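**Q** Please arrange chain B on chain A, whose structure you already have, making use of the hints.
Going line by line, the protein sequences match chains A and B. The numbering of the first sequence is the working numbering, which starts it at 1 and goes up by one. The numbering of the second sequence is the working numbering, which starts it at 690 and goes up by one.
Just to be clear, a hint being listed does not mean it is correct.
Here are the simulated lysine-lysine pairs, DSS-like style, with alpha carbons at most 25 Å apart [unchecked claim]:
(1) K1221/B - K1238/B
(2) K1086/B - K87/A
(3) K77/A - K1086/B
(4) K1197/B - K87/A
A few chain B residues that face chain A, going by a derived Cβ cut-off under 7 Å, partial list only [stated by the list, open to error]:
(5) F833
(6) R1015
(7) P1043
(8) R1118
(9) E1124
Calculated directly from the structure, the hints in this document are not laboratory data. It should be emphasised that the depicted structure is a prediction, and the values quoted were computed from it without experimental measurement. Yeah, the Cβ is synthetic: ideal placement off N, Cα and C, and Gly gets one too.
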Amino acid sequence: MRVATDVGGTFTDLVYYDYDEATGQVGEIKTRKSDTTPPNFEEGVMNTIDQAGIAPAHFFFFAHGTTVVINALTEHKGSKTGLITTKGFRDVLEIQRGNRPDVFNFYFTKPTPFVPRHLRREITERSNFKGDIETPLALDELAGIVEDFRAEGVEAVAICFLHSYANPANEIAVLEELKRLNPELSAVASHQITREWREYERTSTAVLSAYIHPITNAYLDSLERRLNEGGFSGNGFVMQSSGGIAGMAAARRNPIAMVESGPASGVLGAVALGQLIGEPNIIALDIGGTTAKCSLVENAQVRLTTDYRIDWSRTNAGYPIKTPVVDIIEIGNGGGSIAWIDEGGKLHVGPESAGALPGPAAYGRGGTEPTTTDAHFITRRIDEDYFLGGEITPDMENVRQAFASLAKRLEVSIDEAARGIIRIANANMVNALKLVSVNKGYDPRDFTLVAYGGGGSMHAAALARDLNMAKVVIPVNPAVFSAWGMLMTDLRRDYLRTNLMLLDESATSEISSLFDSIESDARDDFQAEDIEADSLILQRQADMRYIGQDHVVKVDFPDGTITEETIGEAVERFHSTHEKEFTFRMEHPVELVTFHLVALGRVPKPELAKISSTGRSLNDTVRGNRLVDFDMDGIHETPIHERALLEPGMVLQGPLIIEEPATTILIPPGAYGEVDNYGNIHIHLEKQD
Amino acid sequence: MDPFNGEIIKNSFTALSDEMFEAMRRTSKSPIIYEVLDFGVGITDAKGELLAMGSGIPFLLSSLETLVKGVIEKHSPAGINSGDVFISNDPYHQGAGTHLNDCGLVMPVFFEGELVAFTSVNAHWTDVGGMHPGSMTPSARELFQEGFQLPNIRLFRDGEPVQDMFDLIEANVRLPDMSMRDLWASIAALRVGERRLQEVFERYGKGDVLDAMSDLLDYSERMMLHELKSLPKGVFEAKDQIDEDGQGNGPFKIKVKVTITDDQFLVDFTGSAEQAQGPINVSPLALSSAVRCVYHAVTNHSVPANAGTFRPLEYICPEGTVFSARRPAPVSTYYEGMAHAVELVWKALAPHLPDRLTAGHMVSTCVTIISGLHPDTHNFFVYVETLPGGWGAGHDKDGVDGTGCVANGETFNIPVEVKETKFGIRVERYTFNDEQGGGGTFRGGRGMILDYKITSDFATLTTVFGRHKTPPWGLLGGQDGTCNYAKVIHPDGSEETFGRAAGINLSKGDVVRLVTGAGGGYGEPDKRPSDKVLDDIKNGYLTSDQAAKEYGVELESQ
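Just chain A, with the same shape it has in the complex:
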C-alpha cells in the first residue's frame, strides 16, 4: 500500500491506494480527512489512518508533509538558541538588511531576532572572499562560550562565519569541537543548509534551522515510533519545500527544508497530473479557507527560489531562509475571507478570515461576518443540502443575517451583495495569478489552470476566463490534492554553491571540477540512503548574471563533459532566459554566481488506475436541478451532477454544477467540461466547436 499524509492547519489529509509490488496491480485511490491535533500532530496522522481502517504494517511507501516547522517558527515555539559568528559581526542577525518596507510608517518595528544579543557570541577567525583563512580559528575560545550557553539554558546552537560558503572548514571545526565539549547540544552550521553568499540571509537560515531542529526531530521520532508500533516496516519519506521527498534520516539532518512541505506538494501534484494528461505548462491554484496560493510551472519544471522569507508581507521584512522552496505566491483570499466596509465606505474581501473557528456564518459556530463561502450559499452555488456531503446543515438564517447589514450599507439586495463579494474575491485572485505570470514575462494563455483545495473549483473557470486561459483542470479529489502530490514525487535534494567566475573558455576546468565535486557529494548522500546509482538523476543548473548586474537568472547547464561548446551553450541559454525575464540582452561578459545541482532519486511509481466506463448515460449522473446565480452570466436553472458517477468521455455543457462531498465544481454558461480516463474534469472556456 502507498500512503501519503499531509498535516495542514485545520485538517490532516490521508491519500492511499493498494499496489501489489509483485503483480503491479493498482487499486483505487482513497482519501480520508480528520482534525489536526496540535501540539501532538502525530495523533492526527494516526487518527486518519485508524479511521480509514488501514494499518501501517501494510505500508510499503509512506510520505509525510507537515506544518510542524512553519508553526514553530511563526509561533516562536522552537528551542532556546545561541549563535556563534566571526569576530566583529554578531549584530548582522539583528541589523538585517536595514530596509523599511512600510515606507510611510514612522512607528514601525523590525522583526525581533530569534537570538538576543547576549546569546550571539563572536569567535576569532576570518576567511576572505576567496575562501582563504586569513585569521586562524581560535578554538580555545569555544569552551567559555559553551559554558555560558549552558548557564543560560541554550538548547541549540547556530554557527555562521563570513565567507563560509566558499570555505566551511572553520564552521566544521567548531561543530566538531562543540560535539566534543557537549555531545547533547544540538548544533547547525550555515554551510550544512546553504552555501550561497550574503551573510545575513545565511546567518538567519542557520539560526532558524537550529531553532526548530530539536522539536522537529522529536516530532519525527514520535511519528516514527507510532508507525513502528503499528508494524510499519516500509520506506518513510518527508515532503520537502523543494517539491521532492527525502528519507527520514536525511529529513532529520535538514529539517528546515520541510518549512513549506504542504504547498510544495500541491504544485508537484499539478506537475505530475500535467505529465499524465499532456499539459507541461501549468498554473497551479490552491484555494483554501484562508488563502489562495499559486505557482507557475513551465515545461513540467517547478520554479524554485531561495529568496524565501517567513512572516514576510508588504509591510514586514520577515526572516529569510535560504532553503530551496517552490516559488509560490500567497494572498489572503480563501473561503473564509471576510467581506467588510472601511470608514471611507470601501468594500474589502479578506485578508481577515473567519478561519476554521468560528468559520463562515453558514457553519453556525458563532461566525457573524459574511464570507466568500457564505456568498456561495446565497448564490446557490453550494447546495444547502449537500454541504460537505450533507455532514453539516448550513445555518442559512445566520448567513442571510450576516449579509443583511452589509447589503444595507451598500444599498443593494442580499443577492447582489453576494455576487459582488465573489466578483471582488475573483478580482483579487486574478491579480495574484498575474503576479506569477504576466509580471514575470509569461502569457497566461500559454498555460492550463489546475485548481484544487476546497475552493479552487468554485472560482477557477471565472479566473481563467478573466485571464483568457483556454482550459481549467479539476483533479480527482481536489480537496486532498496536496497529499496526492506526495505520492507522485521523487527524492530530491538541491545543492547550491556560490562561486563566482567569469563564464568563458578559460573556466572549463574549474567549472568541471566544481560540478564533479558537488555531484560526488550528491552520490555519497544518496548512497548513504541506499538509493541505487542508476535511479539517480543529476541536473545541472547555474545562477548567472551579466558582469556588474546584481540580479541572477537560473539556467539549465548542459550535461556531459564541460567544453568550450557547452560553455557557449550555457551563455546562450543565459542570454535568452534573461531576455524573456527582463526583456533585453546585453553584450556584456557573463558571470556564473551559484552552481546548482538538482539530485533526483527516481521513486518507482505505478501507473494510475483508469476509471472504467459502464456506458452510463449523462442523465443518470444528475442529482437534481436548482436555480444558480452565475453573476454576470445570469441566473440559470442548472443541472447538478454527482462526480462519483461521471465516466470518461462525458461532456458537461455549462451552465452546470458537479458536486462531490468536499467541493463543488462550477461550469459557467458558455463553457463545457470533459471527463478524462482518470476522472479529472477538463473545463474548456471556449464554446464547443
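**A** The following block gives chain B in isolation, referenced to the frame of chain A:
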C-alpha cells in the same frame, strides 16, 4: 454604477501601478533602480490628479503630479496627442522637482479619442552628466554643474521616438548604455500602464471608469478627513538646524509651524534659513513631496496615496529658503534637506502623537562613495551605499536599531560578502554602536559602526553624513541621541573626523570608520524599568557604570 465593479476598477488602478513598478524594476539596468528602488511609477487622471503610484522610497509623492501637470500646463490639453511621450528632469519647473538625476516621463492615455489619463514614471538615472561621475556632488555651487536639463519636451511623437532627442541624451551621459536602457525601461512601464488602463476602459466602459476615478479621490479624502478628526488640533512649532552644506557653510536654522484643524493640515516653513551654496537645497516642488510624506505618516499610511489623500494638506514657504531654493541653486543631494523638512514637522507633532511618532532619528542618508582599484583585478570601482542608523524611542517601545533614515524605504544594505568580493575592500566590523546616548524610559535605537580597511594602493572617499554636530532630539525627558560621523584612521594612528566631505585621498592600510548615532530617548531615564536596564547591560548596550550614572540602576554584586 454597480458598487462592486466600482471597487474592482479602483483596485485595478493599484494593481496596474504595481505592474508598472515591476516592469520598471525588471527591465532596468541600474542598481539604483532595481536595488535601491529610487523610482516612482503611476497614473493620474486627465487633469494630472494622482490616482495610484508605486515607489520604493517615500520622497516622490508629488513627483508624478508635478510632471503631468507640467505637461498639461506647457503643452495644453489640445496640444497633447496620442503617441506623445514627454520628458523632464527639471527640479524647478514642470518636472519631478527633486534633482536632475530624476528623469520623468509622461504618456497621455486616450480612449475613444478622448484624453482620459496619464501614465508617468520618474526614475533616478545613475548619471546625467555634470562635473562629477554620478552627477550628485557635494561641491556643486550651481545647477549647471549637476548635469544636463531636459525642460519638459517631446521624446516621442505619433508613437515614434524623436531620434534627435535620443542622440542628444546619449551624448551627454557618462554611462549611455545604462541610461538609455533605463529610458527604455521607463517607456516599457508607461506602455504597460497604458495598455492595462485601456483594458479597464474597454471592459467597464468610459463612464464607469471615469466615475470610479473621481470616487477614488473622494474616498481617500473622506478617509483622511476621518483621520484628521482624531488628530490633536492646534498650532505646533519646532526648530532645528541643518549642520552644514558640505562646503563649510552653516548651520542653517530651520523652523516650522503646523496648524491642524478638523479639515486642514497646514505646514508653514516661514523663517527657515536662506538657500545654501551647497546642494542640500530643496526646490519648492520637492517640498510638496516632503510635506506629503510626513502628512501621510502621521495620518493613516495604509490609505493608498492619491490626490484625494492630500486634499486636506496645504503648505507655505517663502521663496529662496533652504526648503524653497531658487534656480540655479544646486539640489543634487536634495534628500538631505528634504529629510530635515520631514523630520522637522515630525518634531513639532511628536509630543502630541505618541502612537505615530517617536523621538528624533539619524535623519541623514549617510551616503558613502568610495572609489579605487580592486586589489586582484585592478579594475576601477565606484562604490555607493547608505548606512542605517538609530531611530527614536516611542511611548511604548525602544527605538529601532540600525535602519535606513526616513529618506530610505525599501532600501537594502550591501552584504559584507558581496562588497568584499566585488570591490576587494575589507570590512573589519559591522556592529551596533554601543556609544552611550538616547537614554530614556524607552531608549533610542542603536546606530552602526562600519570599519573598512583600504586594500588598494589608492582610493578616494566622499561622505554625506548630516547630523554630525546636532544629535537626534530626545522627547519628554528622554536624552538626545548621538551624532553621525565619518573618520579616517591612518596606520600611524593619526585620524580625521568629518561629516560631509568630497574627494578625500586614502592609501593602503587606512581605516575608514563610518558611524551613525543613536536615536533620541523617550521619557525620563530614571523611569526605565530596572529589568530593561539589566537587559541592556547583559546585551552590552550599557556598562554597569553607565547604568548607575544614567539610570540610577546599581548592578547587584554577585
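**Q** How about E1124/B: closest beta carbon in chain A under 7 Å, or not?
**A** violated, 14 Å
**Q** Minimum Cβ distance from F833/B to chain A below 7 Å?
**A** violated, 30 Å
**Q** Please verify whether K1086/B and K87/A have alpha carbons no more than 25 Å apart.
**A** violated, 29 Å
**Q** Can P1043/B be said to touch chain A, with a Cβ gap under 7 Å?
**A** Violated, because the Cβ-Cβ distance from P1043/B to chain A comes to roughly 9 Å (cut-off 7 Å).
**Q** With the threshold set at 25 Å, check whether the alpha-carbon distance from K1221/B to K1238/B stays at or below it.
**A** holds, 15 Å
**Q** Checking hints one by one. Is R1015/B an interface residue toward chain A, by the C-beta closer than 7 Å rule?
**A** violated, 29 Å
**Q** Within 25 Å, alpha carbon to alpha carbon, are K1197/B and K87/A?
**A** holds, 22 Å
**Q** Mind checking the alpha carbons of K77/A and K1086/B for me, to see if they're no more than 25 Å apart?
**A** Given pair K77/A, K1086/B holds - Cα atoms ~23 Å apart, limit 25 Å.
**Q** May I ask you to test the interface hint for R1118/B with respect to chain A, counting a Cβ-Cβ separation under 7 Å as satisfied?
**A** holds, 3 Å
In summary, the structure is inconsistent with hints 2, 5, 6, 7 and 9 from the numbered list given earlier, while agreeing with the others.
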